[in-house]
Amino acid sequence: MLDISIEIISIISFIAGVFFILTGSIGLIRLPDVFSRIHAAGMIDTAGASFIILGMILQSGFSLITAKLIFIGIFIFFTSPITGHVTANLARKKGVDPVGKTKGKTL
Amino acid sequence: MIGEIIINAFLVTLMLTIAVFIINTRKVISTILLTGTYSLVAALMFVSLDAVDVAFTEASVGAGISTILFLAALSYLPKEEKEEKFNIKHIYAICTCTIVAALLIWASYDLPLVGQLENPVHQNLAQDFIEGSRNHIGIPNVVTSILASYRGYDTFGETVVIYTAGIAVLVLLYDGVSKNSKINKEKNK
Amino acid sequence: MDNLILKVCTKVLFTPIILFGLYVQFHGDFGPGGGFQAGVIVAAAFILYALVFSVEDCKVIMPPKLNFFLLALGAFLYGFVGVIGLILGDPYLSYDVLGSTKEAGQHVGILLVEFGVGLTVCNVMISLFYSFADFDFGKKNND
Amino acid sequence: MFLAVLIALAVSFLLILVRLINGKTTFDRILAANSIGTIIVLGISVHGFYMGRPEFIDISIVYALINFIGTVAVLKLFDKGTLGDK
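Residue numbers (my numbering), protein chains in the order written: chain A, 1 to 107; chain B, 108 to 296; chain C, 297 to 439; chain D, 440 to 525.
Honestly, the hints are just simulated from the structure, not real lab data. No residue lacks a Cβ here, since even glycine has one placed at the ideal position from N, Cα and C. Warning: the hint list may mix true and false statements.
Unchecked claim - Going by beta-carbon spacing under 8 Å, a handful of chain A positions derived as facing chain D:
#1 Q59
#2 T79
#3 L90
Said to hold, decoys possible - For lysine-lysine, the following DSSO-like pairs were computed, each having C-alpha atoms within a straight-line distance of at most 30 Å:
#4 D:K519 to B:K134
#5 A:K93 to C:K307
#6 B:K186 to A:K94
#7 D:K463 to B:K192
#8 A:K94 to B:K134
#9 C:K303 to D:K519
#10 D:K519 to C:K307
#11 C:K361 to D:K463
#12 A:K94 to D:K463
#13 D:K519 to B:K189
#14 D:K463 to B:K196
#15 C:K307 to A:K94
#16 C:K307 to C:K361
Taking the hints into account, I'd like the entire structure generated from these sequences.
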């Protein structure tokens with residue numbers, strides 16, 4: 001019973017992770033400027049990666065691999081938003097303007 | 108089995124695509140980013156061929172350190188490649204490449220097929236190494252035992268080559284402690 | 297780069313990266329890894345420090361003189377392990393006599409040799425980065 | 440199940456590769472390269488589970504480190520024009 005429920009939870013988290021990753025990558029193509037694309041990339045790096053890693057943790061049982069997976073999860077969860085922040089900072093500093101509601105008009 | 112073939116075919120196609128785009132881009136920075144991605148896909152290829160140590164080296168050296176060193180070298184280079192018109196030099200280059208590629212493909216017919224059990228590679232030494240690594244050396248990772256023990260002379264040679272290369276670069280580029288550095292200023296006080 | 301968040305993150309990550317490098321170094325007998333990869337990972341930690349703070353700050357925690365000394369020490373260690381075997385009456389670079397049994401000797405020998413490789417690779421990478429980052433010949437020509 | 444996740448990762452890899460190749464500004468390219476790094480970190484670990492050899496996770500950790508350092512290096516190159524102090 002416990003095995004089946006763990007399996008189901010891991011499948012659900014895989015599905016959630018894949019959903020977030022696909023949404024993020026579509027957003028990375030569709031969204032208009034750097035700043036909104038950072039939002040899409042952040043979706044891939046935090047929600048998608050965390051859910052898929054959660055699914056793998058549930059699959060692997062309890063071993064050294066679980067610890068390594070948690071390490072990867074924490075690492076990605078902290079470093080990717082920081083790179084996003086620095087990218088946004090630098091893009092603003094270098095004069096990339098955010099696109100407003102009407103296309104072509106900058107804020 | 109089919110899953111493996113799909114993965115390998117996908118990776119090879121991806122490597123080809125990235126290589127074509129590397130040739131086409133004129134901006135040096137995108138070339139470097141794409142080269143990093145290329146080495147990553149090569150690392151994935153090694154993962155799917157079960158060569159863990161090679162994949163490890165490719166991911167750390169090919170995608171990591173060499174990208175950073177390329178970037179460090181880029182700051183001394185022009186940012187964009189010059190567009191060149193098609194001229195006689197290109198024809199020479201195309202001829203040379205075609206002839207060399209044809210020779211290599213011709214020579215590859217003499218090689219045994221990849222992954223066959225009756226290849227000479229698997230007949231003579233490999234069995235000894237795998238059994239010796241378990242019984243004589245007592246290490247599960249055969250790559251490490253071959254690298255450090257059976258082929259210790261080769262690895263010593265490699266280490267000395269890395270050492271020599273490092274010394275050579277230092278002799279060429281390193282100009283001592285630069286004049287406005289903190290260490291030197293403290294010394295002068 | 298003057299970014300406080302990045303600086304704090306680098307300070308937090310510096311030690312775990314070196315710890316992971318040491319794990320790869322000494323776990324190479326049982327899993328993937330070895331001296332070469334570990335050297336690159338440890339060098340990456342120092343390069344990250346040099347990128348986020350400055351090369352001069354990195355030269356305080358890894359002075360060039362220590363760097364050159366360790367660079368030579370790694371290759372020396374490899375050769376010296378072989379010479380110990382030679383003195384104890386075995387061929388060069390055969391580690392059987394280093395421990396009480398043959399297997400223990402091989403273990404000690406492989407561990408020391410990999411450590412030598414790691415030391416050399418790590419310090420070659422750091423010194424390459426120092427010389428590339430500090431080299432200002434091209435800059436003078438451009439100005 | 441793992442194969443399905445791998446295929447989804449491959450699809451999103453291709454989508455992000457489009458952004459990497461024809462990104463308008465260089466910051467788009469940097470973002471795309473960073474995301475591709477994350478996708479590949481996940482891909483290597485899922486592939487390890489798919490093949491039944493989870494030792495591959497060490498490679499993912501290394502790549503997660505290297506990806507961060509590479510992105511910081513590219514950003515510094517854009518900020519200062521050089522990786523050193525001068």
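Straight-line alpha-carbon gap K519 of chain D to K307 of chain C, limit 30 Å: holds, 21 Å
Restraint outcome when T79 of chain A is required to lie within 8 Å of chain D by C-beta distance: Constraint on T79 of chain A satisfied, holds at 4 Å.
Restraint check for K519 of chain D with K189 of chain B, where alpha carbons must lie at most 30 Å apart: holds, 24 Å
Hint status (Cβ of Q59 of chain A to nearest Cβ of chain D, threshold 8 Å): Because about 6 Å separates Q59 of chain A from the closest Cβ in chain D, which is inside the 8 Å limit, the hint holds.
Satisfaction of hint between K463 of chain D and K361 of chain C, Cα-Cα up to 30 Å: This hinted pair is violated, its Cα atoms lying about 45 Å apart.
30 Å Cα cutoff - pair K307 of chain C, K94 of chain A: With a Cα-Cα distance of about 27 Å, the restraint between K307 of chain C and K94 of chain A holds, given a limit of 30 Å.
Distance restraint between K519 of chain D and K134 of chain B, which requires alpha-carbon spacing of 30 Å or less: holds, 18 Å
Restraint check for K186 of chain B with K94 of chain A, where alpha carbons must lie at most 30 Å apart: holds, 17 Å
Pair hint K94 of chain A and K463 of chain D, alpha-carbon separation not exceeding 30 Å: Given pair K94 of chain A, K463 of chain D holds - Cα atoms ~14 Å apart, limit 30 Å.
Pairwise hint evaluation, K134 of chain B against K94 of chain A, where the allowed Cα distance is 30 Å at most: holds, 18 Å
Pairwise hint evaluation, K192 of chain B against K463 of chain D, where the allowed Cα distance is 30 Å at most: Given pair K463 of chain D, K192 of chain B holds - Cα atoms ~26 Å apart, limit 30 Å.
K303 of chain C paired with K519 of chain D [C-alpha distance capped at 30 Å]: Holds - the C-alpha atoms of K519 of chain D and K303 of chain C are around 16 Å apart, at most 30 Å.
Checked against the numbered hints given earlier, the structure breaks hints 11, 14 and satisfies all the rest.
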